[in-house]
Amino acid sequence: MNCDEFEKYVLNYLTDRDFDPELKHKMEEHYFECDNCFNSLELATATIGVIHSEGVDNLLQYSGGKEIQEKLSELLDEQEDTYPIPNDLELLVKKLSMVKSMNRSPGDLTLSQDPLLGARMFGAERGVEESIYMLGEGISIDLEPPKDGYLTILLYDDANNLKLLFPENATDDTFVKGGEKKQFEIVAAEPLGKQYLKAFWTTDQLMVPDKIDFGDESAICSAIKTFLNSISALDDDEWMVFEKEFEVVKE
Amino acid sequence: MDEELRDQINSLIIRLRQGDSDAEKALYDRYVPRIQFYVCRNVWSSDVKDIEDLVWDIWLKLRTWFMRNSIEASEKSVVSNLVRSACRGQARKDKREIAYGEEPYRAIFTAQGNDQDENKEPLLPVLTELIRKRFLCDNGNVNVYEKEKIFEARFKNILSKCLRRRSETQKKVIHLRFYEEYTFNEIAIMLGVATERAWQICNEALMRLNQCFGRYNIRSVGDLL
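From first to last, the protein sequence lines stand for chains B and D. Sequential numbering of the first sequence, starting at 1, is according to my numbering. Sequential numbering of the second sequence, starting at 252, is according to my numbering.
Keep in mind that the hints were calculated from the coordinates and are not lab data. Check each hint, because a few of them may be wrong.
Examples of chain D residues lying across from chain B (beta carbon under 10 Å, computed) [what the hints assert, rightly or not]:
id, residue
1, Arg268
2, Tyr289
3, Cys413
4, Arg470
Some chain B residues close to chain D (C-beta under 8 Å, calculated; not the full set) [claimed, not checked]:
id, residue
5, Glu7
6, Phe32
7, Ser40
8, Leu41
9, Glu42
10, Gly55
11, Phe175
12, Gly178
Think of the CB as a built atom: it goes at the ideal place given N, C-alpha and C, for glycine as much as any other residue.
Using the sequences plus the hints, can you model the full thing?
Written out as C-alpha cells, the structure reads:
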C-alpha cells in the first residue's frame with residue numbers, strides 16, 4: 001500500500017463496519033512504517049473527535065473568547081490567512097453588472113470541431129488566448145476537464161459587463177466527465193472591442209442551474225457573485241480556469 | 252519502509268541495546284502511539300486504562316524483540332506483524348474480545364443505534380482520549396489545564412478556518428455524519444445522491460481538512476501544542 005491509497009481509505013478505516021479486513025491489515029502495516037500517514041490518521045481522528053463534540057455550525061462560529069484569541073494570535077501570527085484570493089476574481093466581483101444586449105440565443109451553443117482550441121483547454125498551459133472575430137462569427141470552445149467536476153462559463157468585457165454563458169437554463173447539466181471533451185460554440189456579439197471568456201472547472205457544483213431563476217437578471221447576478229466568492233475559498237486543485245481573450249470587430 | 256528510515260531505526264535499536272535511554276525514548280515515541288491506535292481499533296475494552304495496560308505489555312514485547320533483532324530489508328512489515336501477534340496473544344491471555352477476521356463491529360461514536368453491547372466504549376472517545384493524554388500530560392512541570400485550553404482552542408480555531416473553505420455540501424455531509432451520526436445511507440437519501448457519492452464527499456472533505464492543517468504548519472496532533 002502506498003500513501004495515496006492509505007489516504008483514500010482513512011475514513012473507511014475509522015468508521016466502516018464492513019471495511020475489507022485485508023485492506024485494514026495493509027493500512028496497519030503501512031502506518032507502522034510511514035510517519036506522514038500515521039500523523040494524518042491521528043489528525044483525522046482528532047478532527048472527527050472535535051466535529052463530533054462541537055458540530056460544524058458551532059465550529060464555524062468559534063472564536064474562543066478574548067483571552068484565547070490573544071494567545072492564539074501570538075501563535076498563529078505569521079500563519080494567518082495564507083490563502084490568496086485571486087485578484088482577477090475580486091476584480092470580477094467588483095465589476096459585476098449584467099450584459100443587457102449580447103444578442104445571443106440559447107441555440108448558440110453548438111458542437112464544434114476546432115481541435116486547435118481544444119488542445120489548449122485545461123492543459124498544462126493556462127495561458128490567455130487572443131483572437132479577432134467579426135460580429136456574428138462563431139467562436140469555438142473545446143474543454144477537456146482534468147477529472148470529473150462542474151463547468152461554469154462567464155463572459156465579460158472592458159465596459160464591465162458580465163454574462164453567465166453556461167449554464168443558461170435551469171435544466172442544463174453542468175457536470176463534466178474527466179478526460180472527456182466538452183465543446184461549445186458562441187457567436188461574437190456586441191459590444192465591439194475586447195471580451196474575455198472564463199471557463200471554470202470546479203470539483204464541487206458551485207453553480208446549481210435549477211436553483212437559478214434565469215428570467216431574473218438580479219438572480220443570475222447574485223448566483224455569479226456567490227459562485228465567484230465560493231471559488232476564492234477553494235484549494236488550488238479544486239478548481240481551474242481557462243481564459244480566452246478576444247476582440248470583436250465590425251466586418 | 253525506505254532504507255534511510257530503516258537505518259535510523261536500526262541505529263536506535265543498537266543504542267537501545269547499549270543502554271541509551273534517549274534511543275529507548277525515541278523508539279517508544281515512535282511505536283507506542285501506533286500500538287495504541289492499533290489496539291484501540293482492534294481490541295474492545297471498557298476503559299482507557301485497560302487499553303494502556305495492553306499497550307504497555309505489547310511495547311515490552313516489542314522492546315524485548317529489539318534487544319535481539321534488527322529490522323532487515325527482507326522482513327517486510329516485521330514490526331506491525333509482531334505487534335499484531337503480541338496483541339492477539341495478550342488479548343486472548345487476558346480474555347479480551349478481539350477483532351480479527353470475524354471483525355465484530357465497534358461503533359466509532361456511540362453504542363446507540365448499533366447492534367453492539369452498550370457497555371462497550373465506542374472507538375472515537377477512546378482514541379481521542381489517548382491522543383489527548385499523550386500530548387497534554389507528558390511534561391510534569393506544565394500547567395496541564397492551561398495547555399489543554401490552548402490546545403483545544405488552537406485546534407478549533409484552525410479547524411474553523413479550514414471548515415470555512417469547504418463547500419456547503421461537504422460541510423453538511425461531515426456535520427451529518429460526524430455530529431448527527433447519520434449513516435452514509437441516510438445522508439445519501441437526504442442529499443438525493445448515491446451512498447457512494449455521500450461517502451466520497453465526506454472522505455474528500457476529511458482529506459482537504461488535513462491538507463488545510465498543513466497550510467497552518469499542522470502536520471500532526473503534536474504540532475497543535
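A quick look at each hint next to the structure:
1. Arg268: 21 Å, violated
2. Tyr289: 6 Å, holds
3. Cys413: Because about 9 Å separates D:Cys413 from the closest Cβ in chain B, which is inside the 10 Å limit, the hint holds.
4. Arg470: Given a least distance of 6 Å, the restraint on D:Arg470 holds.
5. Glu7: Check passed: Cβ of B:Glu7 comes within 6 Å of chain D, closer than 8 Å.
6. Phe32: 4 Å, holds
7. Ser40: Status holds, d = 5 Å.
8. Leu41: For B:Leu41, the interface hint holds, since the closest Cβ of chain D sits about 7 Å away, which is under 8 Å.
9. Glu42: Given a least distance of 5 Å, the restraint on B:Glu42 holds.
10. Gly55: 4 Å, holds
11. Phe175: This interface hint is violated because 12 Å lies over the 8 Å limit.
12. Gly178: 14 Å, violated
Checked against the numbered hints listed earlier, the structure breaks hints 1, 11, 12; every other hint is satisfied.
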